[in-house]
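Number of protein chains: 2
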Amino acid sequence: MNRLALTALAAPLLLAAQPPEAAAPAQLHAETPPTPAEVIEAATQQDWRPIAPQNLLVMTLADGGQVFIELAPDFAPVHVENIRRLARAHWFDGIAVVRVQDNYVVQWGDPAEEEADRKPLPEGIVEQPPAEYALVTTAGEEGDIVLWHPRDYLFDAYADWTAYEEGWPTSYDIADETRTLVRSLVHCYGMVGVGRGDNPDTGTGAELYTVIGHAPRHLDRNIALVGRVVEGIEHLSSLPRGTGPLGFYEDPAQRAGIAAVRLASELPEGERPAFEAMRTDTLTFRNYVEARANRGGWFIRPARAVDVCNVNLPIRRAGG
Amino acid sequence: MNRLALTALAAPLLLAAQPPEAAAPAQLHAETPPTPAEVIEAATQQDWRPIAPQNLLVMTLADGGQVFIELAPDFAPVHVENIRRLARAHWFDGIAVVRVQDNYVVQWGDPAEEEADRKPLPEGIVEQPPAEYALVTTAGEEGDIVLWHPRDYLFDAYADWTAYEEGWPTSYDIADETRTLVRSLVHCYGMVGVGRGDNPDTGTGAELYTVIGHAPRHLDRNIALVGRVVEGIEHLSSLPRGTGPLGFYEDPAQRAGIAAVRLASELPEGERPAFEAMRTDTLTFRNYVEARANRGGWFIRPARAVDVCNVNLPIRRAGG
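One line per chain: the protein sequences are S and X, in this order. Read in order, the letters of the first sequence correspond to residues 12 to 331 in the working numbering. Read in order, the letters of the second sequence correspond to residues 12 to 331 in the working numbering.
Mixed in with the good hints there might be a few duds.
Stated by the list, open to error - Ranges of calculated distance between the beta carbons of each label pair, as one might list FRET restraints:
| no. | chain 1 | residue 1 | chain 2 | residue 2 | range |
| --- | --- | --- | --- | --- | --- |
| 1 | S | Glu280 | X | Glu49 | 52 to 58 Å |
| 2 | S | Asn323 | X | Glu126 | 29 to 35 Å |
| 3 | X | Thr43 | S | Gln56 | 54 to 60 Å |
As the list claims (entries may be wrong) - Covered stretches of chain S, as calculated for chain X (at least 3 residues, CB under 8 Å):
| no. | stretch |
| --- | --- |
| 4 | 230-242 |
| 5 | 309-317 |
Hints are computed from structural coordinates only; laboratory data are not their basis. From the three backbone atoms N, C-alpha and C, an ideal C-beta is built for every residue, glycine too.
Chain S with its partners taken away, still in its complex shape (with noise of 0.2 Å):
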């Protein structure tokens, strides 16, 4: 089996953006290819981006575990702009992580949610945010770089295409009718969605989940995603899971009690945490992806392949 450079493979899709750098990198080819760990390494600050502090979450549990949460605006923008409406109304602060299911999601939100004493929400929230799970788009220069493998083929079992877009893992289906393209984040590890009835648009944000386990990805395109976990997903995936049905909690004494969620923007300056996300739209990122799917070293047998899943985003702290 051929490995085909990441750009012939992607070709015929025409999405993959061509990096900044113009020239091959001489190490994709070479005797002893670098490990992700060496090419985070060798990345220079024009390699990482940071998190704008409006796209940031800081949520603080009862017992002072810090989760951050990196918002993505550009693929739901209705649903940010609530969570970023509850959290400046402080209206996170008190609620409580409802839910563990093993292998699956830890969920957090109104313990009251379904009853008449349920917190109000704030003014202005949307109550029936559209399907910001499923956008319709064109093909062009969105993909930064499409995930390959080396059997010829873009290889994934739920979506036509996988493709980091703006530092995102994300999917591509092609709508056969129209030869539109439907585009979703994908529910990779960390990653952070807005929780919903059966009614497909009664997800506010006021109730939201991260993947605790093997990527779920029949909840592409059904449930919106907002973000993912930077730093301290161990304080949600390392819970103790819920024995009621879908792991809620049976008793209200067992919820893991959250003290407040803020904005990084609405902190402080000195106070703000500050992360930077490696940039996907560089041959750095193209050649970490290369690393991630080549090890050497320890490994018999390199996998010669990555799904989108375990690609796994270089993120630190600012000035790392």
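Guided by the hints, dock chain X onto chain S, whose structure is given.
Just chain X, lined up with the frame of chain S:
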């Protein structure tokens, strides 16, 4: 995109054994497909196989939590025999969980494994077992249910194709030169493997791990899988993450102790736990996979696909 029958998809690969029943199931193409729960509910006793006591490990943690592991002797006979021998010698008693890496693995073994005072292995352990993680086989009737995809192909990013074989998630690769098949168990959530050093044949079974995150498929064909957790994984997956490199615990006090590991066959008959796994060579399992791939109800857009690690083989207490 057409939805093809499982057999039609699998035919060119000569891998799908005919299920025992010959007739096409009416409900597969009914207006309202059954849910996975409904397929399980409708299963009869002959759709289940007992997990043999000599293939069932009972691991009791120091805090009383119990983890039950089914061994896969047909895939890794030498490794499994080592593990049985260690269990019969009560060698595992008093070891500990030494590593918990988020979105990756929980690992347990002798904390002094690298030191002079490590626990000596019992007599008869094969210290350099063969590479049972990449079994050469020939195309034939091996695969029970080849996983499927509506896009006319068995898409998997890592292997030429995937299947459930004799109850286990399995991948196949075609070796170009010889046209023989290389078969491997797949690193799905909850699968249990044998830690090894840099040398490919250094895993005795005295150090084990289980997957607690998105399937790290790059480990397939690189390290021996020997079984899967059938109940109690939450006692491992909810442990605090280690803060050292690779998630190793830095402070020995953080380790979760392991009180005892027993083969169920060594326990008095009245005390033996008994589990059943859904058979995978049946029409019921085929319907179950179809139901997992095509969720209705809350789902707006069924995935019409399922990857090998999202099948989640049904397992229950015997008599359930």
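The hints, checked one at a time:
1. S:Glu280 to X:Glu49: 52 to 58 Å: The hint (52 to 58 Å, Cβ to Cβ) holds, given that glutamate 280 (chain S) and glutamate 49 (chain X) are roughly 56 Å apart.
2. S:Asn323 to X:Glu126: 29 to 35 Å: holds (32 Å)
3. X:Thr43 to S:Gln56: 54 to 60 Å: holds (56 Å)
4. 230-242: holds (count 3)
5. 309-317: As far as the stretch 309-317 of chain S goes, the hint holds, because 8 residues have Cβ atoms under 8 Å from chain X.
The structure is consistent with each of the numbered hints, conforming to all of them.
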